[in-house]
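Colleague: So the chains spell out like this:
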Amino acid sequence: MAVRRLAASDVQPSEFAFSAKNVTWAKAQIAKFPEGRQASAVIPLLWRAQEQSGGWVPQKAIEHVADMLGMAYIRVLEVATFYTMFNLEPVGRYHVQLCGTTPCVLRGAEDLKKVCHKRIGGQFHVTPDGKFSWVEVECLGACVNAPMVQINYDFYEDLTADSLEDLLDQFSAGAEPKPGPQIDRQFSAPVGGPTTLTSFNTKGGTKKQAATPKPPLGEGTK
Amino acid sequence: MTKVIIDGNEHDLPPELTLLQACEAAGAEIPRFCFHERLSIAGNCRMCLIEVKGGPPKPIASCAQNLRDLRPGPNGELPVMFTKSPMVKKAREGVMEFLLINHPLDCPICDQGGECDLQDQAMAYGVDSSRFQENKRAVEDKYLGALVKTSMNRCIQCTRCVRFAAEVAGVPEMGATGRGEDMEITTYLEKALTSELQGNLVDLCPVGALTSKPYAFAARPWELSKTESIDVMDALGSAIRIDARGREVMRILPRVNEDVNEEWISDKTRHVVDGLGTQRLDQPYVRENGRMRPASWAEAFDAISAKVKASTPNRMGAIAGDLCAVEDMFALKELMTRLGTANIDARQDGSAIDPKWGRASYLFNATVAGIDKADALLIIGSNPRHEAPVLNARIRKRWRAGKFPIGVIGNRADLTYPFDYLGAGADSLSKLAGSDSDFTKAFKAAERPMVIVGSSVFTGKDGAALASAAAKAATDFGAIKDGWNGFSVLQSAASRVGALDIGFVPGEGGLSATEMTAYGTLDVLFLLGADEIEVANGAFVVYIGTHGDRGAHRADVILPGAAYPEKSGIYVNTEGRVQMAKRASFPPGDAREDWAIIRALSDHLNKRLPYDSLAQLRRTIFVAYPHLARLDQIEAGQPGDINKLASLGGALGKTPFRSSVENFYFTNPIARASAVMAECASLASGGAALTAAE
Chain R
117 MAVRRLAASD VQPSEFAFSA KNVTWAKAQI AKFPEGRQAS AVIPLLWRAQ
167 EQSGGWVPQK AIEHVADMLG MAYIRVLEVA TFYTMFNLEP VGRYHVQLCG
217 TTPCVLRGAE DLKKVCHKRI GGQFHVTPDG KFSWVEVECL GACVNAPMVQ
267 INYDFYEDLT ADSLEDLLDQ FSAGAEPKPG PQIDRQFSAP VGGPTTLTSF
317 NTKGGTKKQA ATPKPPLGEG TK
Chain W
2 MTKVIIDGNE HDLPPELTLL QACEAAGAEI PRFCFHERLS IAGNCRMCLI
52 EVKGGPPKPI ASCAQNLRDL RPGPNGELPV MFTKSPMVKK AREGVMEFLL
102 INHPLDCPIC DQGGECDLQD QAMAYGVDSS RFQENKRAVE DKYLGALVKT
152 SMNRCIQCTR CVRFAAEVAG VPEMGATGRG EDMEITTYLE KALTSELQGN
202 LVDLCPVGAL TSKPYAFAAR PWELSKTESI DVMDALGSAI RIDARGREVM
252 RILPRVNEDV NEEWISDKTR HVVDGLGTQR LDQPYVRENG RMRPASWAEA
302 FDAISAKVKA STPNRMGAIA GDLCAVEDMF ALKELMTRLG TANIDARQDG
352 SAIDPKWGRA SYLFNATVAG IDKADALLII GSNPRHEAPV LNARIRKRWR
402 AGKFPIGVIG NRADLTYPFD YLGAGADSLS KLAGSDSDFT KAFKAAERPM
452 VIVGSSVFTG KDGAALASAA AKAATDFGAI KDGWNGFSVL QSAASRVGAL
502 DIGFVPGEGG LSATEMTAYG TLDVLFLLGA DEIEVANGAF VVYIGTHGDR
552 GAHRADVILP GAAYPEKSGI YVNTEGRVQM AKRASFPPGD AREDWAIIRA
602 LSDHLNKRLP YDSLAQLRRT IFVAYPHLAR LDQIEAGQPG DINKLASLGG
652 ALGKTPFRSS VENFYFTNPI ARASAVMAEC ASLASGGAAL TAAE
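Sequence lines, in order, name chains R and W.
Converting from the first sequence to my numbering requires adding 116 to each position, the first position being numbered 1.
Converting from the second sequence to my numbering requires adding 1 to each position, the first position being numbered 1.
Hints were generated in silico from the structure; no laboratory data involved.
Don't be surprised by glycine CBs; every beta carbon is placed ideally from N, CA and C.
It is possible that some hints are incorrect.
Stretch-level coverage of chain R by chain W, calculated; a stretch enters the list once three of its residues show a Cβ under 8 Å from a Cβ in chain W [to be verified]:
no.: 1; segment: 118-129
no.: 2; segment: 192-201
With a straight-line cut-off of 27 Å between C-alpha atoms, the simulated BS3-like cross-links for lysine-lysine are [unchecked claim]:
no.: 3; chain 1: W; residue 1: Lys-404; chain 2: R; residue 2: Lys-148
no.: 4; chain 1: R; residue 1: Lys-229; chain 2: R; residue 2: Lys-294
no.: 5; chain 1: R; residue 1: Lys-176; chain 2: W; residue 2: Lys-404
Model the full assembly from the supplied sequences, consistent with the hints where possible.
Modeller: Right, here's the structure in full:
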C-alpha cells in the first residue's frame, strides 16, 4: 500500500450530487443511527457515492457526503483514505482486484499479474477504451480457490493465465462470464466432484461405500 | 478513593484518575507523547507503559486506563503498579526504538532541538545505535498557513494537533489520512488553518514536526532569557513568557494560569513579536512647517511647554490608549490634575461605561474560571472568538462538557460552538424576557446563568441605556444571586479596567474622548498610546507611544515610549484581576518608559510629580487604590451595583450590535506593525498567502 491521495484535479468532476434514488436510500441509512450519530453512515454513503461515480470517489463526492452528514471534510477524507476499498482515482468499467497474498502467489498469482500488465498496463491505469483497470490487493479470503481475482462485485477463482485472458476477452466482448471457480468445481468443493460422503443418498438411506480408496492428500486439486 | 501500591508505597487516590495521573500523584514520572491533560485520550504513542498487577498481564498504556479498572488480587491484595521495573524500562525502550526508526536524525537543524520531548525522552529510553537497516519513511511537508511550519518526516503521529484543532480550537480541520506507515497529518487538501489559536499546535507538538514559521531558525532555547509576563493584546491578560535574546524579543510563549488562559494563548499574543521591532519610535520628533523633524527630548519638552503655557486648563486634555499600564495612566492623570484640567479619558471607543456605576458594572464578574461553573450563557453584542480567543476556547470547553445552552444577540458569527441566535439589536434584548423560546426557558431555569456583554454595547449614543438593559436582563434572569454574579463585561482593551479603576475618565465638567477629539474644543491634547481614535485638526497633539501609527501621524510632538515587553507595569484584566507585566527587554534608542516620560515632562512644565522611581510611583498608586497592590487577585465588584445599573433605564436605539473587534489581527499599533499579523489577516480574509507554500 502506498500513500493515498485524491486524484489529480484535471480528472476530478466539477460537481457531485447523489441521484434522487440514492438520496432516498442515503436518508434511510442515516435514519438507522440515533440523532447526533449520523457520522456513522459515512462508509455506506461513501460506498454508494463510489458506485454512482463509476467505481471511484471524487473530491466532490467526499464533500457532498460530509455536508450530508454534518461532518468536517477532513473527517470524511480520513475514512476515504483509510479504506482501500475506496478508489480515489478513476477505474475501468471492469476493475480487477488481483489477490497477491501468499496462497495465491504459491498457486500462480504472479502469472496473472503478468497478464494484467500485458492486457491492461500498470496498476490503476485505465485502458483507453475505459473498460479495464487493475490493482493488486491483499487476501480476499478465497485461498481455497487460489489464485483468484475480484472483478467488480464477483470473485473469479481457480484461474490460470489462460483462463484470466479468456475472462478479460469475454468482458471486453460485452459478455458476462460466470463468476466463481473457472474450472470444473462447485464452489470450494473438490475438483471433479465429491470425494467424501459419496455414499450419502439425498433420497434417504446410505449407498454402499464405494470401493475406490481415498485419493492421497493434494490429489483432489488436480 | 481507591487504594493502590505504586512503586512499593501505598496511596489512596480518586478512582477516576488514570493510571498515569495516579503515578504522577505518587511522584513517579511517566514519559508520554500523545497524552495531554487538556485533550481527549488517544493512547497511541505507547510511551507511558507501566507494569500492573491487578490488570491485564502485559505492559499497560497508563494514560488510557482508570484506577477503577484495576482489580484486587485473589486474596484481596491491592493492585500494584511499577513505573521503574526492568519490564517497564524494556517496554519503553522498545517503543522508543520503534519511534526512532522513522524519525530523522536532524536534531542539529531542528527548531525543536533543546525543547523536544522526543529528544529528552530518548536520553532516558533511547539506545545509542539503530538496528534498522532499511530506508526511513519520507513524508511530504504540508502547508498549514502562515504560522505553523511543518516538517512531517519528524511526525510521530501522536495526533495531539488533530485533537487540539477539533476539541479546543473548535475547527476540525486537521486529520490523519491514510493508515499504517502511510498515515499523514494534514489539513483538508492543505488549506490554511482558520483558528486564532493555531500557534498552540506548535507548543503541543512533542517533536519538531510542527514548528513556528515566523520563528523558524531564529534562536535556540538555551540562548534566550525568559521573563514571565502578562499579555496585553486583549483584555484577558493571558500569562505569557517572553523569550528575548539580548534586547530583542524573539518569541512569546504561554504560561500556565488555570484561572485565566489555562495554557493557551491566541495567535496575536504569540506572533505579534515582529511588530515590536518595526515602525518603532526611537527618538522624539517635533513638527516643523508641517513635517516631523527628529529632535532632542529637551526640544520636544520645550515645544510642549510653550503650547501648554499658551493654553488654558480647560482647553487641554489627555486620552489613554488600549495598551497602557496603570502606572502610565496614573502619572498622566496626576499631571493633568496638576495642570488643572478634568479632560481625561481612556475610552477611545466612546464607551458610556462609567466607574461611578460601580466596579461590578465593568468587570467580567463571573470570572473566566467561572465559565466552567455556569450552566447557561447569553452573549450580548460580542464575538468572543475575536475579542478574546482563549476565553472563547473556555466557553467551548464548557459547551463540550454538555448541558450549556448558549444564546447570542448581536452579530451572527462562527463562534466554534452552536448557539441560539436571538436577534441583532436592542429590541431583541428587550423582547427576550417576554419570549417563550427554548433558550429563554432554559436560561430562566438555569441555576448559574451568565451574561457576557461585549464592550461595544456601551459605545454609541444609547450606550448607557444599553448597559442598563443588559444589566436588567442579567437581574431579570437571576444572574445576580448569592455566590454568583453572572453579569460579565468582556472588555477588549487591556488597559480599560485599570483605567476605570483609577478613574481615568472625565472629572467634574471634563470632556470625554469623543468631545476632546472634535474640532476646536482643545488646544493641547496628550495621547498616551491612543491610536484607535481620529483627532480633528486644530489641537496641538502630543503623542506618547511606541509605533508610527495613527496617533503618531497626527502628532505635533512625538515622545517615544516603551512597548509592553519593555516596561514593568500593572494591568487589570477584564475580570478585575490585577497582574504585573515584567520587563523582558529595553525600549529602542532614546525611547523611555512612559511613566518616566510623564515624570520628566511634569518637571519641565513646573508641575513636578512627586515620584522619582517606579517603586515610589507604585506606592502612591497603592495608597490611592489599595486593591491594585493585591497581585493576581480579584477585588470582586458589588452585585448591588448591577441592580442599580439595571434601574437606570433609558431609551434604546435600533442599531444592531457589532463586535468591538473588526479585524482580529489589527487591533492595536503593535499588531498593525507586524508583518505576520498582516499575513494572517490576508489569509483570514480569503486572500492568498504572502509567502508561497513550502
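Colleague: Now, for every hint given, state plainly whether the structure supports it.
Modeller: Now for the hints, and whether the structure bears them out:
1. 118-129: Since three or more residues must qualify, the claim that chain W covers the segment 118-129 of chain R holds, with 4 doing so at under 8 Å.
2. 192-201: holds (count 4)
3. W:Lys-404 to R:Lys-148: 25 Å, holds
4. R:Lys-229 to R:Lys-294: Within the cut-off at roughly 21 Å; holds.
5. R:Lys-176 to W:Lys-404: 35 Å, violated
Checked against the numbered hints given earlier, this structure breaks only hint 5.
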